[in-house]
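Kindly produce the complete structure, drawing on both the sequences and the hints.
Heads up: the protein sequence lines correspond to chains A and B, in order. In terms of numbering that gives the first Met the number 0, the first sequence opens at residue 0 and continues consecutively. In terms of numbering that gives the first Met the number 0, the second sequence opens at residue 0 and continues consecutively.
Honestly, I wouldn't trust all of these hints.
[Stated by the list, open to error] Keeping only pairs whose Cα atoms sit at most 30 angstroms apart, straight-line, the calculated DSSO-like set for lysine-lysine is:
| hint | chain 1 | residue 1 | chain 2 | residue 2 |
| --- | --- | --- | --- | --- |
| 1 | B | K201 | A | K285 |
| 2 | B | K201 | B | K190 |
| 3 | B | K201 | B | K108 |
| 4 | B | K57 | B | K230 |
| 5 | A | K10 | B | K108 |
| 6 | A | K285 | B | K108 |
| 7 | A | K10 | B | K201 |
| 8 | B | K190 | A | K10 |
| 9 | B | K190 | B | K108 |
[To be verified] DEER-style ranges, computed between Cβ atoms:
| hint | chain 1 | residue 1 | chain 2 | residue 2 | range |
| --- | --- | --- | --- | --- | --- |
| 10 | A | G144 | B | L23 | 22 to 32 angstroms |
| 11 | A | L55 | B | L23 | 31 to 41 angstroms |
| 12 | B | V10 | A | Y259 | 48 to 58 angstroms |
| 13 | B | I43 | A | I53 | 19 to 29 angstroms |
| 14 | A | F203 | B | V12 | 43 to 53 angstroms |
Read the hints as simulated data drawn from the structure, not as lab findings. If you're wondering where the values come from, they're calculated on a predicted model, not measured in any experiment. All residues carry an ideal CB built from backbone N, CA and C; glycine is no exception.
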Amino acid sequence: MDGSRRPFMRKALPYLLSLPALLVCIGILIPFGTAVYYSLQRYNLAFPMTRGFIWLENYTLLFTDPAFWNTVRVSLLYTLYTVGFELVLGLGIAMLLQRRSLFNNMMSILLLLPLMIAPAIAALMWKLMTNPGFGILSYFASLLGFPDFKWASASSSALFTVVLIDIWVYTPFMMVLLLAGLRALPRQPFEAAELDGVPQSFVFFRITLPMLTPYIITATLFRMLESIQQFDIIYAMTQGGPGNTLMAFQVAAYLERYQYTNVGRSAAILMVLWAITFLLSNLFIKQWLRLRERARGMG
Amino acid sequence: MERQTTTGRVVRVMLLTLVGLFFLFPIFWVLLMSFQTNQDILRIPPSIFFEPTLGNYKALISGRLESTAGVLEIRFMNNLMNSVILAVSSVALSLLLGIPAAYAFARFKFRLGEDIAFTLLSFRFAPPLLVLLPLAIYFQQMGLIDTYIGLIWVYQLITLPLILWIVRGYFEDISEDIEHAYRLDGNGWFKTFLHIAIPLAKPGIAAATLLSFIFAWNNFVFALILASADKQPVTVGALAFVTASGIQYGQIAASIVLSVTPTLLLALYAQRYLVEGLSLGAVKG
Numbered sequence: 000m001d002g003s004r005r006p007f008m009r010k011a012l013p014y015l016l017s018l019p020a021l022l023v024c025i026g027i028l029i030p031f032g033t034a035v036y037y038s039l040q041r042y043n044l045a046f047p048m049t050r051g052f053i054w055l056e057n058y059t060l061l062f063t064d065p066a067f068w069n070t071v072r073v074s075l076l077y078t079l080y081t082v083g084f085e086l087v088l089g090l091g092i093a094m095l096l097q098r099r100s101l102f103n104n105m106m107s108i109l110l111l112l113p114l115m116i117a118p119a120i121a122a123l124m125w126k127l128m129t130n131p132g133f134g135i136l137s138y139f140a141s142l143l144g145f146p147d148f149k150w151a152s153a154s155s156s157a158l159f160t161v162v163l164i165d166i167w168v169y170t171p172f173m174m175v176l177l178l179a180g181l182r183a184l185p186r187q188p189f190e191a192a193e194l195d196g197v198p199q200s201f202v203f204f205r206i207t208l209p210m211l212t213p214y215i216i217t218a219t220l221f222r223m224l225e226s227i228q229q230f231d232i233i234y235a236m237t238q239g240g241p242g243n244t245l246m247a248f249q250v251a252a253y254l255e256r257y258q259y260t261n262v263g264r265s266a267a268i269l270m271v272l273w274a275i276t277f278l279l280s281n282l283f284i285k286q287w288l289r290l291r292e293r294a295r296g297m298g
Numbered sequence: 000m001e002r003q004t005t006t007g008r009v010v011r012v013m014l015l016t017l018v019g020l021f022f023l024f025p026i027f028w029v030l031l032m033s034f035q036t037n038q039d040i041l042r043i044p045p046s047i048f049f050e051p052t053l054g055n056y057k058a059l060i061s062g063r064l065e066s067t068a069g070v071l072e073i074r075f076m077n078n079l080m081n082s083v084i085l086a087v088s089s090v091a092l093s094l095l096l097g098i099p100a101a102y103a104f105a106r107f108k109f110r111l112g113e114d115i116a117f118t119l120l121s122f123r124f125a126p127p128l129l130v131l132l133p134l135a136i137y138f139q140q141m142g143l144i145d146t147y148i149g150l151i152w153v154y155q156l157i158t159l160p161l162i163l164w165i166v167r168g169y170f171e172d173i174s175e176d177i178e179h180a181y182r183l184d185g186n187g188w189f190k191t192f193l194h195i196a197i198p199l200a201k202p203g204i205a206a207a208t209l210l211s212f213i214f215a216w217n218n219f220v221f222a223l224i225l226a227s228a229d230k231q232p233v234t235v236g237a238l239a240f241v242t243a244s245g246i247q248y249g250q251i252a253a254s255i256v257l258s259v260t261p262t263l264l265l266a267l268y269a270q271r272y273l274v275e276g277l278s279l280g281a282v283k284g
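Right, dumping it as structure tokens:
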């Protein structure tokens with residue numbers, strides 16, 4: 000390379016290298032812009048003649064519609080239950096497995112398996128297990144005195160069932176992150192507490208938990224981001240039913256688009272969800288970058 | 000917490016047994032079902048003792064399901080092939096696009112680089128349907144709907160940010176002095192990138208590849224919206240079995256086993272990369 004080209008190359012090189020990634024980026028931003036535009040239109044595929052710009056009417060209609068508030072409620076409950084249980088369970092399991100031993104290491108690897116299964120396929124597995132005719136879980140339920148437990152097909156137990164599947168799939172994620180966090184904690188405070196004979200509950204609430212908090216926040220925010228958008232498990236299990244029991248954001252938007260062909264309204268629902276995830280993802284990214292800096296600092 | 004009494008140990012083992020049962024029983028049970036005939040599956044009470052049969056797998060692999068209603072043609076192996084094509088090519092494309100970009104972001108601090116990295120990351124967390132909805136309409140116009148190329152392009156949404164961010168962290172960890180020394184010997188940046196940076200970032204590239212493959216394989220919603228039965232991966236294909244008439248439960252179970260085996264084996268084989276990948280390098284596993 001001759002001297003005269005070098006300064007130019009040096010300036011242009013990073014841009015050249017990242018050009019393809021930039022194109023992918025633009026490829027995402029254009030449909031996003033289009034979705035915003037659709038959300039401001041009366042746009043139903045079944046009535047193409049009525050298509051037109053209506054500003055915020057899709058949104059005002061949503062906000063006055065009880066069905067939309069049901070969607071908000073379902074999604075929030077789903078997020079609250081799944082993330083809450085996964086955090087408690089994941090932390091508990093991580094603490095059980097904290098000590099490095101062959102058994103514990105093997106166990107932590109085996110427990111990761113549900114996380115490697117596609118959520119849609121996991122739902123299918125649970126569908127087989129909760130089948131009223133031959134499902135093993137329906138059989139267990141009958142042994143426990145619920146001979147006619149309907150799992151996902153009754154509105155009283157549908158949320159419970161999908162939350163249970165979500166817990167099955169994603170608790171290992173919480174577990175693995177918190178286990179790594181626990182093992183990265185400095186040992187010194189724990190040794191000092193042991194020498195002083197401090198009770199274990201005190202150690203947990205005053206030392207372990209505060210020191211683990213950055214990991215807990217990162218993992219929780221990440222799971223909240225995924226949970227509020229959950230589609231695969233719910234769609235595979237009940238398609239939002241029975242009735243509108245499980246009509247979470249993305250399920251409602253999907254049905255609005257593909258069953259009722261109402262593109263404008265579907266886009267508006269997704270924009271509301273996007274606003275929530277945008278907020279959460281900003282918090283998450285900040286928290287995650289901070290944690291990453293710390294992990295790298297420790298080498 | 001290191002003090003272990005006998006009762007403490009017993010409680011710990013009991014709790015871990017319960018945990019293991021909850022998380023591993025479904026996999027075990029579906030695996031059993033996949034070797035059972037319909038009569039075995041429908042038996043009450045259920046039993047783990049039965050005459051194992053390979054009939055379910057044979058039917059899936061041959062694509063002909065024989066039932067009392069006649070012969071049903073299914074194309075599960077086609078779905079499996081689609082999963083392989085989509086996951087492998089998406090990850091390969093992402094590596095090709097993502098590694099140079101990750102290197103650029105790590106080595107040359109420039110505004111546009113940060114913007115791209117953050118846009119990709121934040122859209123990784125945006126609702127997928129938000130992008131898919133308009134994209135389905137565009138794809139229709141561009142003739143990309145129901146094509147591998149269209150799908151692989153959309154799959155970049157999952158695989159590219161992962162590879163970009165994980166690998167970037169590894170490039171940042173490489174001391175610039177090593178690269179400088181190599182370049183002083185008269186090697187250009189490309190040789191430096193190829194012979195110094197990439198080998199040193201190998202664990203990161205492995206973690207990112209593993210994880211993005213698993214995510215691509217497990218994706219459901221992209222192909223649900225953008226592909227017809229012909230191009231759909233196992234996630235969508237297996238689910239369609241539930242509503243297909245004439246299919247047997249053991250065959251559904253076998254299709255589940257075939258769909259999850261690749262990711263489970265990969266995870267077990269390369270588990271040491273999983274933790275770092277899962278946390279995007281936020282914790283050192």
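Right, here's what the structure says about each hint:
1. The suggested pairing of K201/B with K285/A holds, with an alpha-carbon distance near 26 angstroms, which does not exceed 30 angstroms.
2. Distance check on the hinted pair: K201/B and K190/B sit about 16 angstroms apart at the alpha-carbon level, within 30 angstroms; holds.
3. Between K201/B and K108/B the alpha-carbon distance is near 22 angstroms, which keeps this suggested pair within the 30 angstroms criterion.
4. The suggested pairing of K57/B with K230/B holds, with an alpha-carbon distance near 22 angstroms, which does not exceed 30 angstroms.
5. Note on K10/A and K108/B: the hinted pairing holds, with a Cα-Cα distance of about 11 angstroms set against a maximum of 30 angstroms.
6. Restraint check for K285/A and K108/B: the C-alpha separation of about 19 angstroms stays at or below 30 angstroms, so the hint holds.
7. Our distance criterion of 30 angstroms between C-alpha atoms is met by K10/A and K201/B, whose separation comes to about 27 angstroms.
8. Pair hint K190/B plus K10/A holds up; C-alpha atoms about 18 angstroms apart against a cutoff of 30 angstroms.
9. Between K190/B and K108/B the alpha-carbon distance is near 20 angstroms, which keeps this suggested pair within the 30 angstroms criterion.
10. Between G144/A and L23/B, the C-beta spacing of about 26 angstroms keeps the proposed range 22 to 32 angstroms intact.
11. A beta carbon spacing of about 50 angstroms between L55/A and L23/B contradicts the range 31 to 41 angstroms that was offered as a hint.
12. Roughly 53 angstroms separates the CB atoms of V10/B and Y259/A, a value that falls within the hinted 48 to 58 angstroms.
13. Checking the proposed 19 to 29 angstroms range against I43/B and I53/A shows it is violated: the Cβ atoms sit about 57 angstroms from each other.
14. A hinted range of 43 to 53 angstroms is violated for the C-beta pair F203/A and V12/B, which are about 20 angstroms apart.
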